[in-house]
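Participant: Sequence:
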Amino acid sequence: MRNGLLSFILFCISIQQVSAQKYLLIEKAGNLHTEKIAMYDELTFQIKDDKVGWYTRQIIDMDPDGQMLLLGDSWVPLNTIASIKLNRKRVWPNIIGGALQVGGISMFMGDLWFTVTNQPQYSEGGMEFGLINFGVGTIIRALFSPIVYDLGKRKRLRVVDLTF
Numbered sequence: 001m002r003n004g005l006l007s008f009i010l011f012c013i014s015i016q017q018v019s020a021q022k023y024l025l026i027e028k029a030g031n032l033h034t035e036k037i038a039m040y041d042e043l044t045f046q047i048k049d050d051k052v053g054w055y056t057r058q059i060i061d062m063d064p065d066g067q068m069l070l071l072g073d074s075w076v077p078l079n080t081i082a083s084i085k086l087n088r089k090r091v092w093p094n095i096i097g098g099a100l101q102v103g104g105i106s107m108f109m110g111d112l113w114f115t116v117t118n119q120p121q122y123s124e125g126g127m128e129f130g131l132i133n134f135g136v137g138t139i140i141r142a143l144f145s146p147i148v149y150d151l152g153k154r155k156r157l158r159v160v161d162l163t164f
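The sequence shown begins at 1 in the working numbering and counts up one residue at a time.
Heads up, some of the hints might be wrong.
In silico EDC-like pairs for lysine to aspartate or glutamate, Cα to Cα no more than 16 Å straight-line [unchecked claim]:
#  : residue 1 : residue 2
1  : 85        : 27
2  : 85        : 150
3  : 22        : 63
4  : 85        : 124
5  : 36        : 61
6  : 22        : 65
7  : 22        : 161
8  : 89        : 35
9  : 36        : 161
10 : 22        : 50
11 : 155       : 65
12 : 153       : 27
13 : 89        : 124
14 : 22        : 49
15 : 22        : 42
16 : 155       : 27
17 : 85        : 42
18 : 22        : 35
19 : 48        : 161
20 : 85        : 35
21 : 28        : 150
Cβ pair distances, simulated, as ranges [stated by the list, open to error]:
#  : residue 1 : residue 2 : range
22 : 128       : 36        : 37 to 47 Å
23 : 51        : 27        : 22 to 32 Å
24 : 40        : 150       : 21 to 31 Å
25 : 7         : 55        : 37 to 47 Å
Don't read these hints as lab results, they were simulated from the structure. Quick reminder that beta carbons are idealized off the backbone N, C-alpha and C, glycines included.
Take the sequences, apply the hints, and build the full model.
Facilitator: Structure, rendered in structure tokens:
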């Protein structure tokens, strides 16, 4: 009896916390899948007509009526945000770039080992190819891995309140 009552009270408390959540949605035209960013997550963004660059602030509060975000200590309207960079990365560029980096390091270290142990028949071009593989893997991860949304006609931001 006591466990049942305790479980019921815990269930009621958890329902109250779930019922009032606010999310920042990144909507893409023609796509049903939306990206959700919750409160207290860090947001990396650019502001329109601002030459400073990228800002990283924590989302403190969201106003679904005014479509505004409390980032740090100031309210920012959603229509002033030009681009958003997400914290998560794309999977395939990370896998391919990481494999090239690890392969390049192993080729470099293997060629270095055979050079130190004076076995020149096994160390022909491994250092150069290893460095090239490592460089190509690093470039692939740097260029293709980050997810950046440029907001405009096809992508937009919206704050929603999931109160029921």
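Participant: Each hint should be assessed against the structure and marked as holding or not.
Facilitator: Here is what the structure says about each hint:
1. 85 with 27: With a Cα-Cα distance of about 14 Å, the restraint between residue 85 and residue 27 holds, given a limit of 16 Å.
2. 85 with 150: 9 Å, holds
3. 22 with 63: Since the Cα atoms of residue 22 and residue 63 sit roughly 9 Å apart, the hinted pair holds (cutoff 16 Å).
4. 85 with 124: Not OK: residue 85 and residue 124 at ~43 Å, beyond 16 Å, violated.
5. 36 with 61: Roughly 15 Å separates the two Cα atoms, so the pair holds.
6. 22 with 65: Status holds; Cα separation ~12 Å.
7. 22 with 161: Roughly 4 Å between the alpha carbons, so the hint for residue 22 and residue 161 holds.
8. 89 with 35: Holds - the C-alpha atoms of residue 35 and residue 89 are around 13 Å apart, at most 16 Å.
9. 36 with 161: 12 Å, holds
10. 22 with 50: 27 Å, violated
11. 155 with 65: Judged against 16 Å, a Cα distance of about 20 Å means the pair is violated.
12. 153 with 27: Measuring from Cα to Cα gives roughly 11 Å; hence the hint holds.
13. 89 with 124: 36 Å, violated
14. 22 with 49: Outside the cut-off at roughly 28 Å; violated.
15. 22 with 42: Answer holds: residue 22 to residue 42 is near 15 Å, not above 16 Å.
16. 155 with 27: Measuring from Cα to Cα gives roughly 6 Å; hence the hint holds.
17. 85 with 42: Within the cut-off at roughly 10 Å; holds.
18. 22 with 35: Status holds; Cα separation ~13 Å.
19. 48 with 161: 25 Å, violated
20. 85 with 35: 12 Å, holds
21. 28 with 150: Distance of about 11 Å is within 16 Å: holds.
22. 128 with 36: 37 to 47 Å: Cβ of residue 128 to Cβ of residue 36: about 46 Å, so the range 37 to 47 Å holds.
23. 51 with 27: 22 to 32 Å: The hint (22 to 32 Å, Cβ to Cβ) holds, given that residue 51 and residue 27 are roughly 27 Å apart.
24. 40 with 150: 21 to 31 Å: At 25 Å between Cβs, range holds.
25. 7 with 55: 37 to 47 Å: Hint holds: Cβ distance 45 Å, inside 37 to 47 Å.
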